[in-house]
Every structure is written in C-alpha cells, then in structure tokens.
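**Q** Sequences and hints are given; from them, build the entire structure.
In order, the protein sequences belong to chains P and X.
The first sequence begins at 1 in my numbering and counts up one residue at a time.
The second sequence begins at 310 in my numbering and counts up one residue at a time.
Hints may contain errors.
Quick list of in silico lysine-lysine cross-link-like pairs, BS3-like style, CA-CA up to 25 Å [unchecked claim]:
{"hint": "1", "chain 1": "X", "residue 1": "Lys369", "chain 2": "P", "residue 2": "Lys276"}
{"hint": "2", "chain 1": "X", "residue 1": "Lys389", "chain 2": "X", "residue 2": "Lys476"}
{"hint": "3", "chain 1": "X", "residue 1": "Lys668", "chain 2": "P", "residue 2": "Lys268"}
{"hint": "4", "chain 1": "X", "residue 1": "Lys369", "chain 2": "X", "residue 2": "Lys531"}
{"hint": "5", "chain 1": "X", "residue 1": "Lys389", "chain 2": "P", "residue 2": "Lys267"}
{"hint": "6", "chain 1": "P", "residue 1": "Lys252", "chain 2": "X", "residue 2": "Lys525"}
{"hint": "7", "chain 1": "P", "residue 1": "Lys267", "chain 2": "X", "residue 2": "Lys665"}
{"hint": "8", "chain 1": "X", "residue 1": "Lys668", "chain 2": "P", "residue 2": "Lys267"}
{"hint": "9", "chain 1": "X", "residue 1": "Lys531", "chain 2": "X", "residue 2": "Lys449"}
{"hint": "10", "chain 1": "P", "residue 1": "Lys19", "chain 2": "P", "residue 2": "Lys80"}
{"hint": "11", "chain 1": "P", "residue 1": "Lys69", "chain 2": "P", "residue 2": "Lys80"}
{"hint": "12", "chain 1": "X", "residue 1": "Lys389", "chain 2": "P", "residue 2": "Lys252"}
{"hint": "13", "chain 1": "P", "residue 1": "Lys268", "chain 2": "X", "residue 2": "Lys667"}
{"hint": "14", "chain 1": "P", "residue 1": "Lys109", "chain 2": "P", "residue 2": "Lys69"}
Some chain X residues close to chain P (C-beta under 7 Å, calculated; not the full set) [unchecked claim]:
{"hint": "15", "residue": "Leu346"}
{"hint": "16", "residue": "Asp347"}
{"hint": "17", "residue": "Asp461"}
{"hint": "18", "residue": "Val514"}
{"hint": "19", "residue": "His540"}
{"hint": "20", "residue": "Gly543"}
{"hint": "21", "residue": "Lys547"}
{"hint": "22", "residue": "Phe570"}
{"hint": "23", "residue": "Asp572"}
{"hint": "24", "residue": "Pro586"}
{"hint": "25", "residue": "Met666"}
{"hint": "26", "residue": "Lys668"}
{"hint": "27", "residue": "Ala670"}
Calculated from the structure, these hints are not laboratory results.
Backbone N, C-alpha and C fix where the C-beta goes; we use that ideal spot for every residue, glycine too.
So you can see what is in the structure, the chains are spelled out below.
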Amino acid sequence: MSENRTPLLHVENLKQHFKISRKFTTKAVDGISFDIYEGETYGLVGESGSGKSTTGRSIIRLYDPTDGKIIFDGRDISGKLSKDDERYLRTNMQMIFQDPMACLNPRKKISQIIAEGLEIHHICKSKEEVDARVNDILDKVGLSKEQGTRFPHQFSGGQRQRVGIARALVMNPKLVIADECISALDVSIQAQVVNMMKDLQDELGTTYLFIAHDLSMVKYISDRIGVMHLGHIVETGTTDEIFENPIHPYTKSLLSAIPHPNPIVEKKRIALTYNKDEEGVVYENGHEHQITETHKVLATDEEFKKWTA
Amino acid sequence: MEKVKRNKNDRVLYIRDLNISFKTAYGTVRAIRGVRLDLFKGETIAIVGESGSGKSVTVKTIMGILDSNGVIDSGQIIYKYTDDNGEEQEVDLVKMSQKEIRYKLCGKHIAMVFQDPMTSLDPTMQIGKQIMEPMLEHYKISRSEAKQRAMDLLSEVGIDNPDKRFKQYPHELSGGMRQRVVIAIALACDPDILICDEPTTALDVTIQAKILELIKEIQAKKGISVIYITHDLGVVAKVADYVAVMYAGRIVEKGKINEVFYDPRHPYTWGLLSSMPDTDTNSRRLFAIPGSPPNLMERVEGDAFASRNPYALNIDFKEEPPMYDLGGQHRAASWLLDPRAPKVELPPELVEKLSKMKKEANIDE
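**A** Put into structure tokens, the structure is as follows:
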C-alpha cells in the first residue's frame with residue numbers, strides 16, 4: 001500500500017514494563033514494532049490484558065516507555081521530551097477514551113471542554129477564533145452550536161462520545177488514538193459513531209490508531225490490523241490479509257469467536273480454542289516471518305512451517 | 310430446529326400485559342408498556358434491545374429485585390413450579406411481595422447471572438463457600454454434602470482443580486473464570502429458569518464464545534429454560550430458540566429465531582440486523598439507525614420508533630400499532646404490516662445480507 005513513504009508513526013521494539021514488586025515485573029508490552037502511515041487507520045486488536053491499551057498510552061506518553069523507539073512525524077518521542085517536542089506531541093496527537101462519561105469534566109460546558117486544548121496551547125489568537133473553531137467542530141460531529149452550552153450529563157452516550165471525538169479533533173491532530181472508543185455504546189449508536197469517524201477521516205485526513213477487541217468493527221474501519229496477545233504483536237497485515245488468510249492460531253481463534261448473526265450457521269459452529277502453553281508457543285523465541293510485503297507473523301521456523309502447511 | 314414444541318402445558322412462565330413505571334424526581338418513566346411473553350420448558354429465549362429499552366427491568370421483576378421506585382401498574386407474571394412436596398404450584402409473581410419472591414423462589418427456582426462477575430461475587434469470601442451458600446440456605450443438607458456438590462459444580466462449569474480453586478478468592482481468578490463461578494452459584498439449587506443478563510458483555514470475544522457454549526451445554530443436560538438479555542445479535546443467533554426485540558418498553562417483534570432473523574418485519578429489527586458489522590462484506594459504510602432512543606419520561610405519542618424510522622407512515626405518529634400475527638410464532642408491531650399500508654421495499658443492504666445468510670444456511674428462498 002505505502003511501502004516507500006515514511007511512516008507518520010514508527011514504533012520499534014517498544015517495551016512497557018510495570019514493576020509490581022522487587023521480584024515481579026509485568027511485561028505489558030514486550031517488544032512490538034509497527035508503522036502507521038499518514039491518512040490510514042491501523043487497528044490494534046486483542047483480548048483484555050494483551051497490552052493494546054498500554055501501547056496506545058505509551059505512544060501518547062501517558063507512560064514512560066521502558067525501552068524502544070517511537071518516532072512520530074520525524075521526531076523521537078520515546079525518551080525525555082524537550083519542551084518543543086512535548087508541545088508538538090501534545091498538539092498533534094490526541095486520544096479518544098472508552099467511557100465518555102468518565103473523561104468529560106462534569107462541571108464544564110461542552111464548548112469549554114472542547115476549547116480547553118486550544119486555550120492551553122494558545123493556538124488561536126482571539127476568543128472569537130476559538131469559538132469559531134469549536135462551533136465548526138461541533139457541526140462536523142453532528143452536534144448543534146446550542147448544544148455546546150450544555151453539560152455532559154445532558155447528553156446521551158452516543159452524543160458524549162461525539163464530544164470526546166470533537167475534543168480530540170479540534171486540535172487538528174495528525175494522529176488520533178481511539179482506545180475502545182465505541183465499546184461502551186449501544187449497537188445502533190456504534191454504527192453511527194464509526195461512520196462519523198470515517199467521514200471525518202476522509203474530510204480531514206486524520207490518521208487513526210484504533211484500539212478495540214471487537215474484530216468485526218475493526219474490520220470496517222481499519223486499513224491494516226495488528227493482532228496483539230500478551231504484549232506481542234503476533235500477526236499484522238492488511239484487513240483483507242488478516243480476515244482472508246489468518247496464519248497465527250491466535251488470530252484464527254479470535255476470528256472464529258466472532259458470533260455471526262445467522263442462527264442456523266451459528267448454532268452449529270464451535271469456536272476454536274487457542275492455548276499458548278498447550279501449543280508450546282513461546283513468543284520470545286519467535287521472529288517475524290514475512291508472508292507478503294504487508295503481512296507478517298511472529299513465529300519460530302517450525303511453527304511457521306506448521307501453520308502455513 | 311423444532312427442538313422445543315411450544316405446547317401450552319409446558320409453559321414455565323408467562324407474562325401478560327405487564328406495565329411498569331418508575332417514579333423519579335423528574336416525573337414518571339413508563340419503562341415497560343404492555344409486555345407479553347411466554348417461556349417454555351427447556352427453551353432459550355433472548356430479549357434484545359438497546360439500553361433503556363426495558364429488557365433488564367422485565368427480568369428484574371421476575372426476580373423480585375425491581376428498584377424501590379418501580380411500580381407494577383398492571384399485568385400478570387404466572388410462574389409454574391414444583392414445590393418441595395412435589396406438588397405443582399402456580400403463582401402470580403406480581404401479587405407476591407418482593408420479599409416473598411426472594412425467599413421462596415430466587416436462587417432455588419429462578420436464578421440469575423449478572424453482567425459483571427466482579428460485582429456479583431463477594432470479594433471477601435472463598436468462591437467455594439459462595440457456591441455452598443445457596444444450598445445451605447435452601448436445602449437441609451450438611452456442610453460436607455454441600456461442599457461435595459460445590460466441587461462437582463466447579464468441574465461442571467469447566468474449572469479444573471476444583472479442590473484448589475475452592476479456596477481461592479474472586480480477585481485471584483480471571484474474568485472468564487469468575488463468570489463460570491457465578492454460573493455455578495446460579496446452578497447450585499437446580500433452578501428451572503436461568504436468567505442471564507448480558508452474561509458476556511464484560512468478557513472478551515474468545516471467552517464469550519466459551520461461556521455461551523458452556524451455558525448451552527448445561528441447559529441441554531439439565532433441561533432448564535434460559536432467558537438471555539443482550540444487545541448482541543450474534544449472541545442471540547448462537548443461543549436462542551425464540552427472540553423478542555424490545556424498543557422503548559414494548560416488544561416490537563418476536564418469534565422463533567429463524568422467523569425473525571431470516572424474515573424480519575419490523576423496521577427496528579431491519580435496522581438492528583443491518584447495523585451488525587459483517588465480517589465478510591466489504592462495503593465501506595455501516596448502516597446506522599439515525600437518532601437515539603426516545604425519552605420515556607415524556608408520553609410516547611404513537612409508535613415510539615417513528616421518529617427514527619425512515620419508513621414511518623403518518624399514522625405512526627398518532628397511534629401505537631397493534632401486534633400483527635404473521636403466521637407461526639411470528640408477531641410484529643408495525644403499521645407497515647396493516648393491509649391498508651403501502652408496500653415497502655426492504656433496504657437493499659439488508660436484502661443482500663439476508664439472501665447471503667440464507668445461502669450460507671442452505672435455505673431456499
């Protein structure tokens with residue numbers, strides 16, 4: 001798709017360990033590498049505890065990465081940040097959180113919440129400019145100007161998530177990290193929000209890192225997908241490659257676990273199981289195997305032979 | 310498919326014209342408006358709907374755990390069971406006090422599995438003790454007998470090493486394991502009815518599949534009736550024999566699962582089915598139902614779904630549609646089914662989806 005372009009975000013061997021006690025360290029993310037190109041959507045999927053949210057939080061520097069390199073738009077943002085780099089990161093990378101009620105300040109009006117970022121970073125020259133940008137983004141996410149004067153509790157879940165998206169996009173970020181941003185919403189609202197995110201991407205050219213555990217939604221929004229398990233990306237490829245030709249047994253089990261809304265077929269189907277220990281897979285021993293230019297899988301040589309056979 | 314013959318004598322529970330409202334500081338919310346539902350022996354029914362559609366309130370009434378500001382305005386919930394002396398009993402749960410339901414029926418005859426296993430387990434109590442609790446409460450058995458039963462239940466719900474697990478606390482277990490424990494507690498007294506309120510929403514997809522398969526297996530073995538509450542149509546397709554779609558406190562469409570899934574008649578069901586992301590279509594856009602659910606604080610004029618319904622007729626804004634009989638078990642409440650209504654074409658995406666589903670399932674059109 002975009003091999004020769006320089007990626008917008010380049011993550012190399014990222015490690016995020018949490019020291020629980022002197023003897024025990026949780027290796028939430030243990031050496032992952034991936035690239036995200038401008039204007040695309042990269043989906044990160046995996047079960048809870050696989051480290052997908054931690055990855056997102058490390059990239060936006062809510063955590064200090066233990067090891068590895070994160071290059072964002074040509075700047076290294078993995079070590080100690082210089083003032084200039086920090087400002088660049090904070091204005092050009094934004095995050096949308098899972099629970100829209102928990103991430104909006106209940107004592108502030110919607111327009112104030114959205115304007116906060118603009119004001120802190122002195123992006124606009126005048127109050128009028130701030131208002132204009134806030135109104136513009138409210139309109140884009142399908143809320144009216146008048147609704148900007150309301151408080152978060154006066155909105156429904158779907159509308160709150162629109163506010164969360166507006167707050168992220170008002171900064172005109174290059175990269176938006178959407179961490180499970182639709183899983184708290186009702187099915188009929190999920191579709192609305194996903195469609196809106198897609199439309200906004202077409203309009204503004206924003207790049208998304210879309211973190212979710214719901215593979216079927218990820219399929220709709222992503223151009224490329226990385227499958228995470230226990231801190232490792234076990235398989236990555238374009239959406240078609242992952243869905244048409246999954247190699248790794250974990251990917252296969254994830255795909256088979258999606259329930260299809262087709263009663264006769266679904267009643268007969270039994271989901272595949274995957275147990276890393278039973279299969280004797282040790283992720284640390286594996287290395288990347290290239291299947292196509294974009295499709296890679298983490299495996300040892302024997303495993304790779306077995307899985308592709 | 311004809312696993313369960315819906316024979317009138319095999320009815321375990323039936324709800325007639327149930328109306329429930331909640332008194333809040335801002336006014337009365339009419340949460341349930343005329344629900345009618347049957348549950349037969351050994352059958353699985355699924356109640357589908359968005360949050361606020363009243364699906365949880367319906368089952369909470371059955372369990373006698375309706376919130377204190379909730380009032381049952383009218384209706385009947387008839388439950389048939391065999392009591393301790395082996396006699397057939399028929400009771401109206403609406404007439405019983407909540408306390409009575411909880412002492413006599415809950416846990417013993419009707420059991421419930423809640424959404425979040427962490428909040429339904431006692432964090433300070435060993436899981437084995439928690440499984441023993443309902444048995445010691447309802448049966449006259451010794452502790453050692455109860456313990457043995459609890460061990461059996463643990464292995465029945467697929468937890469290895471029951472003697473080791475017995476002494477563990479909820480925080481030591483993973484989410485899937487915790488939900489298995491909750492299911493074991495629910496099954497401890499051999500209930501006739503198991504109510505599962507979004508049992509897998511808090512779990513991952515891979516674990517969700519396992520838990521659903523487990524409940525199905527246990528149901529087949531014990532012949533209990535299960536009520537599922539969910540908003541995930543994929544889950545419904547996997548487990549249910551019969552499905553009821555709720556919207557704004559009313560059942561808008563119900564029927565055997567195949568009737569509803571392969572031949573949906575209500576525009577809301579069309580919307581739900583089309584907005585399900587499909588893993589093997591490549592369309593760029595997802596179908597979305599416009600707008601959001603109505604506020605039940607205000608009196609609903611006409612069909613509650615009308616304002617979000619692209620197929621709404623004039624009458625939808627004035628009068629509530631009656632239930633139309635569509636043959637078999639299939640019923641739907643939409644004015645579009647009236648003989649006087651104009652013919653409407655299904656949305657093209659849905660037509661395509663349905664024909665593909667039928668093809669996969671080998672049904673002739």
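**Q** Take the hints in turn and mark each one as holding or not.
**A** Status of each hint after checking the structure:
A hinted pair counts as satisfied when its Cα atoms are at most 25 Å apart, and X:Lys369 with P:Lys276 does not qualify at roughly 40 Å. For the hint linking X:Lys389 to X:Lys476, the alpha-carbon distance of about 37 Å lies beyond 25 Å, and the restraint is violated. Among the hinted pairs, X:Lys668 with P:Lys268 is consistent with the structure: their alpha-carbon atoms are about 15 Å apart, no more than 25 Å. Distance check on the hinted pair: X:Lys369 and X:Lys531 sit about 23 Å apart at the alpha-carbon level, within 25 Å; holds.
The hinted pair formed by X:Lys389 and P:Lys267 fails the criterion: a straight-line CA distance of about 29 Å is larger than 25 Å. Taken as a hint, the P:Lys252 and X:Lys525 pair is honoured in the structure, with Cα atoms around 23 Å apart against an allowance of 25 Å. Proximity of P:Lys267 to X:Lys665 is assessed by CA-CA distance (about 17 Å); at most 25 Å being required, the pair is judged to hold. Between X:Lys668 and P:Lys267 the alpha-carbon distance is near 16 Å, which keeps this suggested pair within the 25 Å criterion.
A C-alpha spacing of about 22 Å is found between X:Lys531 and X:Lys449, which places the hinted pair at or below 25 Å, so the restraint holds. Simply put, P:Lys19 and P:Lys80 have alpha-carbon atoms about 20 Å apart, close enough for the 25 Å limit, and the pair holds. Of the supplied pair hints, the one linking P:Lys69 and P:Lys80 holds, its CA atoms being roughly 12 Å apart against a limit of 25 Å. Between X:Lys389 and P:Lys252 the alpha-carbon distance is near 45 Å, which puts this suggested pair outside the 25 Å criterion.
Under the criterion of a C-alpha separation no larger than 25 Å, the hint pairing P:Lys268 with X:Lys667 is consistent with the structure, at around 15 Å. As the CA atoms of P:Lys109 and P:Lys69 are separated by approximately 38 Å, the hinted pair breaks the 25 Å bound. Taking 7 Å as the C-beta cut-off, the interface hint given for X:Leu346 is violated, the closest approach to chain P being about 19 Å. A distance limit of 7 Å between C-beta atoms decides the matter here; for X:Asp347 the minimum to chain P is near 19 Å, and the interface restraint is violated.
Because the beta carbon of X:Asp461 sits about 23 Å from the nearest beta carbon in chain P, more than 7 Å, this interface hint is broken. Checking X:Val514 against chain P: minimum C-beta separation of about 4 Å stays under 7 Å; hint holds. Proximity of X:His540 to chain P holds as hinted, the smallest CB-CB distance being about 5 Å (cut-off 7 Å). Interface hint status for X:Gly543: upheld, as the beta-carbon distance to the closest one in chain P is roughly 3 Å, under 7 Å.
With a cut of 7 Å, the hint placing X:Lys547 at the interface with chain P holds, because the nearest CB-to-CB distance is about 5 Å. Restraint check, X:Phe570 versus chain P: the minimum CB separation of about 5 Å is within 7 Å; hint holds. Checking X:Asp572 against chain P by beta carbon gives a least distance of about 12 Å; that is not within 7 Å, so the hint is violated. Interface hint at X:Pro586: satisfied, since its Cβ lies 4 Å from the closest Cβ of chain P, which is below the 7 Å cut-off.
Hint status for X:Met666 relative to chain P: holds, with the closest Cβ pair at about 5 Å, below 7 Å. With 7 Å as the threshold, the beta carbon of X:Lys668 stays out of range of chain P, its nearest partner Cβ sitting at about 10 Å, so the hint is violated. Given hint, X:Ala670 at the interface with chain P, holds; its Cβ is 4 Å from that chain's nearest Cβ, closer than 7 Å.
The structure fails to meet hints 1, 2, 5, 12, 14, 15, 16, 17, 23 and 26 from the earlier list, while all remaining hints are met.
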